[in-house]
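S.K.: Generate the whole structure from the sequences, applying the supplied hints.
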Amino acid sequence: MSIDDDVALLERVPTLRLLGDASLRMLAIGSEQRNFVRGDTLFNLGDDADAGFVVQRGAFRVDDGAGAEMIAGPGALIGELALVVPMKRPSSAIALEHSSVIRVARSLFQRVLESDPAAAVRLRDEFAVRSSQIASDILMAGAKLTS
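Residue 1 is where the sequence shown starts when you use UniProt numbering, and the numbers rise one by one after that.
Any given hint could be a false lead.
[Unchecked claim] Straight-line alpha carbon distances no greater than 20 Å define the calculated DMTMM-like cross-link-like pairs of lysine to aspartate or glutamate that follow:
| # | residue 1 | residue 2 |
| --- | --- | --- |
| 1 | Lys88 | Asp47 |
| 2 | Lys88 | Asp63 |
| 3 | Lys88 | Asp50 |
| 4 | Lys88 | Glu69 |
| 5 | Lys88 | Asp48 |
| 6 | Lys88 | Asp64 |
No lab work stands behind these hints, which were simulated from the structure alone.
M.R.: Structure follows, in structure tokens:
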């Protein structure tokens, strides 16, 4: 894939779209592509998380080890939180077929945000809205459980 193809793919990811074209281009240039065959592990539960992954093609099963799982296909961002904070992986991801990802290292993502403060503000605001929505959802669920 070309840099322009990678930028177009990154632009499909809602969180990354907030960064704007110049920042997406820097991410595309600085990121690396990785290929997987069916059954290959992208990462394991408990691994140190230092990057997020955007699925280019194929699909991955993301499993938290406690029964919750999802399928991540093209355009999905796996490990979003790892782009902004050091953490352990809360899940495992396994390729379901021949697949490829764009690996976005946290260090690269942080350099991009440092070079584009307006993009960093947009991202912060998006995370604040999401956090507020999660808190509201938890309160609503708690209210339903106690009634």
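S.K.: If a hint holds in the structure, say so; if it does not, say that too.
M.R.: We went through each hint and held it up to the structure:
1. Lys88 - Asp47: holds (5 Å)
2. Lys88 - Asp63: holds (14 Å)
3. Lys88 - Asp50: At roughly 9 Å apart (the allowed maximum being 20 Å), Asp50 and Lys88 satisfy the hint.
4. Lys88 - Glu69: holds (17 Å)
5. Lys88 - Asp48: The given pair, whose Cα atoms are some 5 Å apart, holds under the 20 Å limit.
6. Lys88 - Asp64: Measuring from Cα to Cα gives roughly 12 Å; hence the hint holds.
Of the numbered hints listed earlier, not one is contradicted by the structure.
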